[in-house]
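Enquirer: Put together the whole structure using the sequences plus the hints.
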Amino acid sequence: MIEFNKVSYSYDKNRGNAVDELSLFIEQNEWIALIGHNGSGKSTVAKLMNGLLLPTEGNVSVSGLPLSEDTYWDIRKKVGMVFQNPENQFVGTTVMDDVAFGLENLGFPREEMVKRVASALKEVDMYAFKDQAPNRLSGGQKQRVAIAGILAIMPEVIIFDEASTMLDPNGKKELLETIKGLRKIKKMTIVYITHDLSEAAYADRIIVMNEGKQWMSGKPREVFQYRDELSEIGLEIPLISSIYSGMNKHGVKLEKEPLHMKELVDQLWKLSSKM
Amino acid sequence: MEIVFENVDFTYQPNSPFSHQALKNISLRIKHGDYAAFIGHTGSGKSTLLQHLNGILRPTSGTVRIGDFELTTKKNNAIKSLRRKVGVVFQYPEHQLFEETVERDILFGPKNFGMDMEEAKHKLPVILEEVGLPTDVLQRSPFELSGGQMRRVAIAGVLITDPNVLILDEPTAGLDPRGRKQIMSLIDSLHKKKRMTIILVTHHMEDVLRHANQAFVLSEGELVMQGEPVEVFQEEERLQDIGLGIPEELQLINQLQQALGLPITYHHQSPSELGKDIAQALHAGGNR
Chain A
1 MIEFNKVSYS YDKNRGNAVD ELSLFIEQNE WIALIGHNGS GKSTVAKLMN GLLLPTEGNV
61 SVSGLPLSED TYWDIRKKVG MVFQNPENQF VGTTVMDDVA FGLENLGFPR EEMVKRVASA
121 LKEVDMYAFK DQAPNRLSGG QKQRVAIAGI LAIMPEVIIF DEASTMLDPN GKKELLETIK
181 GLRKIKKMTI VYITHDLSEA AYADRIIVMN EGKQWMSGKP REVFQYRDEL SEIGLEIPLI
241 SSIYSGMNKH GVKLEKEPLH MKELVDQLWK LSSKM
Chain B
276 MEIVFENVDF TYQPNSPFSH QALKNISLRI KHGDYAAFIG HTGSGKSTLL QHLNGILRPT
336 SGTVRIGDFE LTTKKNNAIK SLRRKVGVVF QYPEHQLFEE TVERDILFGP KNFGMDMEEA
396 KHKLPVILEE VGLPTDVLQR SPFELSGGQM RRVAIAGVLI TDPNVLILDE PTAGLDPRGR
456 KQIMSLIDSL HKKKRMTIIL VTHHMEDVLR HANQAFVLSE GELVMQGEPV EVFQEEERLQ
516 DIGLGIPEEL QLINQLQQAL GLPITYHHQS PSELGKDIAQ ALHAGGNR
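Protein sequences appear in the order of chains A and B.
Each residue of the first sequence is one higher than the last, beginning at 1 in the working numbering.
Each residue of the second sequence is one higher than the last, beginning at 276 in the working numbering.
In case anyone wonders, no lab produced these hints; they're calculated from the structure.
Fair warning: there could be bad hints in the mix.
As the list claims (entries may be wrong) - Keeping only pairs whose Cα atoms sit at most 20 Å apart, straight-line, the calculated SDA-like set for lysine to any residue is:
id, chain 1, residue 1, chain 2, residue 2
1, A, Lys249, B, Gln533
2, A, Lys249, B, Gln544
3, A, Lys173, B, Thr317
4, B, Lys551, A, Asp266
5, B, Lys551, A, His250
6, B, Lys469, B, Asp309
7, A, Lys13, B, Ser421
8, B, Lys551, A, Lys13
9, A, Lys173, B, Ala554
10, A, Lys262, B, Pro522
11, A, Lys173, B, Ile517
12, A, Lys262, B, Ser547
13, A, Lys274, B, Ile517
14, B, Lys551, A, Glu255
Said to hold, decoys possible - To give a feel for the contact side, a few chain A residues facing chain B, derived at Cβ under 8 Å:
id, residue
15, Leu137
16, Ser138
17, Trp215
18, Met216
19, Gly218
20, Leu239
21, His250
22, Met261
Here the structure is a predicted model, which is why all the values come from computation and not from measurement.
C-beta: ideal position from N, C-alpha, C; glycine also.
Expert: See below:
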């Protein structure tokens with residue numbers, strides 16, 4: 001779906017590369033978590049994925065289409081992006097207008113627009129709010145509306161660029177549940193950028209960035225094994241993984257490394273009933 | 276400086292169709308040297324309450340006392356001196372940096388308060404050390420710095436006026452785990468070494484548990500719970516009712532007590548120590 005071949009990008013020649021000879025491949029319908037500390041290059045990677053930036057060196061392609069000055073407009077239709085601050089993304093006076101904005105820009109006929117807006121809002125469970133003013137919504141609801149705005153354009157990939165950062169814990173949960181729900185009803189590739197590894201745990205695969213390079217790639221369980229190494233590059237494994245590693249050192253071995261509290265408690269329950 | 280709220284009400288746009296009561300009969304006391312945390316939803320009244328602490332807002336009725344200073348419904352001209360004593364680091368403070376150099380940004384407060392500028396400049400190296408920034412950042416533009424560094428600059432700009440109380444509204448929002456840890460331990464050291472009263476507003480319940488000694492829970496303008504964080508978090512259901520959670524480690528401990536009957540308690544142990552406690556409790560249970 002998305003391919004990077006030795007991609008470099010530099011904002012300023014004197015400062016070295018923000019993304020440095022990066023090669024990676026994201027499959028269709030994969031949910032990728034792209035993680036790394038602030039300044040590791042992950043947001044630059046996101047901007048290279050939807051043509052907001054063009055590589056200084058190397059090639060990017062999205063579903064077979066190579067990114068260039070001639071194609072970035074087409075690529076942006078394929079790759080939608082949800083940003084950090086939901087406030088900055090609103091232009092309409094009602095939720096419905098707002099979701100329609102992108103379609104209007106692309107010159108869709110009205111009938112088609114109405115249909116798409118309604119179905120996108122239903123997909124993120126915000127249809128009931130269609131006539132409300134976006135500024136009266138909670139942070140999590142605002143991000144859901146922002147997602148609907150992107151769904152309406154029907155992209156193949158949605159990038160969430162630290163989209164949970166400004167949300168409270170309930171809002172974060174709401175966002176992750178919305179993505180989980182979407183993946184059940186339709187095929188789409190998700191790139192979820194975060195520095196919170198407990199959120200990254202929801203993904204099929206984690207790509208860890210450091211100093212503009214891919215530092216590691218693997219399933220969440222595999223990546224979380226590298227607790228000390230991750231901490232050296234400024235990341236922290238989820239609390240449950242830390243607790244489990246303490247248990248593990250003191251002789252408790254579970255069948256699979258728990259990613260969430262429920263996985264830990266369920267397995268402990270099984271284990272203790274055998275003791 | 277002790278902070279006392281006595282029956283404080285605050286209503287936005289009173290006597291108008293848009294009137295909205297944001298604080299309802301708040302009474303509380305924060306002792307000198309406390310590390311107090313305020314938790315509550317967006318819209319629970321947290322920001323309104325904070326804005327009373329340095330006189331941005333005055334109560335509609337009731338009294339706020341901050342040291343010798345009394346804030347009532349009446350205007351008080353000594354408000355500037357209060358603002359020097361109660362420093363506020365707002366949310367995303369880096370959005371408020373605007374000067375050309377870090378030095379000028381940090382010195383903006385002293386200039387604004389009419390402090391002796393030579394003296395303030397003299398203090399710069401000490402303040403920088405306190406917030407963990409090298410002195411060579413002074414001549415750089417604040418916008419060249421990382422998110423965590425910009426936040427330190429904002430904190431330095433507040434510390435240089437020598438406040439007794441430091442209020443921080445979501446100081447770690449948007450920082451990566453390392454940046455977050457560093458800012459939290461910076462606040463800890465200001466609390467311990469400088470004996471400052473710390474008032475923290477946060478969504479991170481883990482930070483409340485690990486760092487604060489008093490927690491205040493606001494909901495719909497009312498102060499609904501207060502006490503030591505461990506005590507407050509014991510009431511998981513009540514917090515859930517108002518849409519708040521408890522720290523993950525306490526959730527786990529509760530579940531293990533209920534589902535497995537493991538006798539584990541929270542005593543400020545680290546996650547891996549908690550893992551060890553669980554392992555030991557499991558082994559002890561198995562040998563019964």
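Enquirer: For every hint, state whether the structure bears it out.
Expert: Verification of the hints:
no.: 1; hint: A:Lys249 / B:Gln533; result: violated, 24 Å
no.: 2; hint: A:Lys249 / B:Gln544; result: holds, 16 Å
no.: 3; hint: A:Lys173 / B:Thr317; result: holds, 16 Å
no.: 4; hint: B:Lys551 / A:Asp266; result: holds, 18 Å
no.: 5; hint: B:Lys551 / A:His250; result: holds, 6 Å
no.: 6; hint: B:Lys469 / B:Asp309; result: holds, 12 Å
no.: 7; hint: A:Lys13 / B:Ser421; result: holds, 19 Å
no.: 8; hint: B:Lys551 / A:Lys13; result: violated, 50 Å
no.: 9; hint: A:Lys173 / B:Ala554; result: violated, 29 Å
no.: 10; hint: A:Lys262 / B:Pro522; result: holds, 15 Å
no.: 11; hint: A:Lys173 / B:Ile517; result: holds, 16 Å
no.: 12; hint: A:Lys262 / B:Ser547; result: holds, 18 Å
no.: 13; hint: A:Lys274 / B:Ile517; result: violated, 39 Å
no.: 14; hint: B:Lys551 / A:Glu255; result: holds, 18 Å
no.: 15; hint: Leu137; result: violated, 11 Å
no.: 16; hint: Ser138; result: holds, 7 Å
no.: 17; hint: Trp215; result: violated, 14 Å
no.: 18; hint: Met216; result: violated, 16 Å
no.: 19; hint: Gly218; result: violated, 19 Å
no.: 20; hint: Leu239; result: holds, 5 Å
no.: 21; hint: His250; result: holds, 4 Å
no.: 22; hint: Met261; result: holds, 6 Å
Hint compliance for this structure: hints 1, 8, 9, 13, 15, 17, 18, 19 are not met, and every other hint is.
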